[in-house]
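*Asks:* For the sequence shown, the UniProt record's numbering begins at 1 and goes up steadily by one.
One or more hints might be untrue.
Listed next, the in silico DSSO-like pairs over lysine-lysine satisfying Cα-Cα at most 27 angstroms (straight line) [stated by the list, open to error]: (1) LYS126 x LYS52; (2) LYS62 x LYS73; (3) LYS143 x LYS118; (4) LYS48 x LYS31; (5) LYS120 x LYS184; (6) LYS191 x LYS143; (7) LYS139 x LYS184; (8) LYS42 x LYS140; (9) LYS184 x LYS126; (10) LYS143 x LYS31; (11) LYS140 x LYS73.
Pair ranges (Cβ atoms, derived) [said to hold, decoys possible]: (12) CYS97 x GLU186: 16 to 26 angstroms; (13) ASP7 x GLN129: 26 to 36 angstroms; (14) GLN135 x ARG70: 33 to 43 angstroms; (15) GLU190 x ILE134: 14 to 24 angstroms; (16) GLN135 x THR82: 19 to 29 angstroms.
In case anyone wonders, no lab produced these hints; they're calculated from the structure. Here a beta-carbon is modelled for each residue, glycine too, at the ideal position from N, C-alpha and C.
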Amino acid sequence: MTTISLDRCLCVHSMSQIIDITIQTILCHRKIIQDSMTNLIKFEPENKNVIKYLEICETLRKIFKACNSRVLKELVITLGPTPYMATEIYSIPLNFCDEHTGTMDYGCGDTCSQLMNKEKMNIFRKFQQMWQTIQGSVKKNSKLFIFLRVSEPLLNFSDIENVEEDDGFEIPDETLIKRRNVLKYEIIVEK
Numbered sequence: 001m002t003t004i005s006l007d008r009c010l011c012v013h014s015m016s017q018i019i020d021i022t023i024q025t026i027l028c029h030r031k032i033i034q035d036s037m038t039n040l041i042k043f044e045p046e047n048k049n050v051i052k053y054l055e056i057c058e059t060l061r062k063i064f065k066a067c068n069s070r071v072l073k074e075l076v077i078t079l080g081p082t083p084y085m086a087t088e089i090y091s092i093p094l095n096f097c098d099e100h101t102g103t104m105d106y107g108c109g110d111t112c113s114q115l116m117n118k119e120k121m122n123i124f125r126k127f128q129q130m131w132q133t134i135q136g137s138v139k140k141n142s143k144l145f146i147f148l149r150v151s152e153p154l155l156n157f158s159d160i161e162n163v164e165e166d167d168g169f170e171i172p173d174e175t176l177i178k179r180r181n182v183l184k185y186e187i188i189v190e191k
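Make the full structure from the sequences, and use the hints.
*Replies:* Spelled out as structure tokens, the structure:
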């Protein structure tokens, strides 16, 4: 388990940045991409991984809206040949401050803000510590899959492309995780 502590309440916008950092570090450190996403975007904007990453970012941007903050419960990232044959699982429980819950008409409020550079660097450092504990590399056929657990349908679901409903996905139980040698990490974000 990795804990990321911030000295502030978390709104959907700062949490979406944490998730973006998580995705970037997984892609880079698990060798799904060969360079940092920042460099790939800058020097290889037509790279297929860059195009897919930017599509994912746009989808997450539409999901992580203030109106959905009450229904977002957990984000799960899996690495493996298919989402159901994961070799690595990263789960991030989503907890937002009550003062940041919004509606379709009203956003998070005045105290909502993006992460500061210092906070981003602290998050990257936490992930560096986590990567030091992970041995081996993922298989060449590994892909990244993202699942979002919600308590009810997203309020703006009809506006979001590239999202499928899948009531059948569950994180494997501990017995199956041990039998398949799946690496499972929980990333806790707290204020």
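*Asks:* Would you mind marking each hint as holding or not holding in the structure?
*Replies:* How the hints compare with the structure:
Distance hint between LYS126 and LYS52 is fulfilled; the C-alpha atoms sit about 26 angstroms from each other, no more than 27 angstroms. Restraint check for LYS62 and LYS73: the C-alpha separation of about 16 angstroms stays at or below 27 angstroms, so the hint holds. A distance of roughly 30 angstroms separates the Cα atoms of LYS143 and LYS118; the hinted pair therefore is violated under the 27 angstroms criterion. A threshold of 27 angstroms between alpha carbons decides the hint, and for LYS48 with LYS31 the separation of about 15 angstroms falls inside it, so the pair holds.
Simply put, LYS120 and LYS184 have alpha-carbon atoms about 23 angstroms apart, close enough for the 27 angstroms limit, and the pair holds. Between LYS191 and LYS143, the direct Cα distance comes to roughly 31 angstroms. Violation of the 27 angstroms bound is thereby established for this hinted pair. Simply put, LYS139 and LYS184 have alpha-carbon atoms about 16 angstroms apart, close enough for the 27 angstroms limit, and the pair holds. Using a Cα cut-off of 27 angstroms, the hinted pair LYS42 and LYS140 holds, with the two alpha carbons roughly 25 angstroms apart.
Restraint check: the Cα-Cα separation between LYS184 and LYS126 comes to about 16 angstroms, which is no more than 27 angstroms; the hinted pair holds. Between LYS143 and LYS31, the direct Cα distance comes to roughly 11 angstroms. Compliance with the 27 angstroms bound is thereby established for this hinted pair. Distance check on the hinted pair: LYS140 and LYS73 sit about 31 angstroms apart at the alpha-carbon level, beyond 27 angstroms; violated. Against the hinted window of 16 to 26 angstroms, the Cβ-Cβ separation of CYS97 and GLU186 comes to about 20 angstroms, which satisfies the hint.
Restraint check, ASP7 to GLN129: a C-beta distance of roughly 19 angstroms breaks the suggested window 26 to 36 angstroms. In this structure the hint that GLN135 and ARG70 lie 33 to 43 angstroms apart at CB holds, the actual value being about 39 angstroms. Between GLU190 and ILE134 the CB atoms are about 22 angstroms apart, so this pair conforms to the stated range of 14 to 24 angstroms. GLN135 and THR82 have their C-beta atoms about 23 angstroms apart, which keeps the hinted 19 to 29 angstroms range intact.
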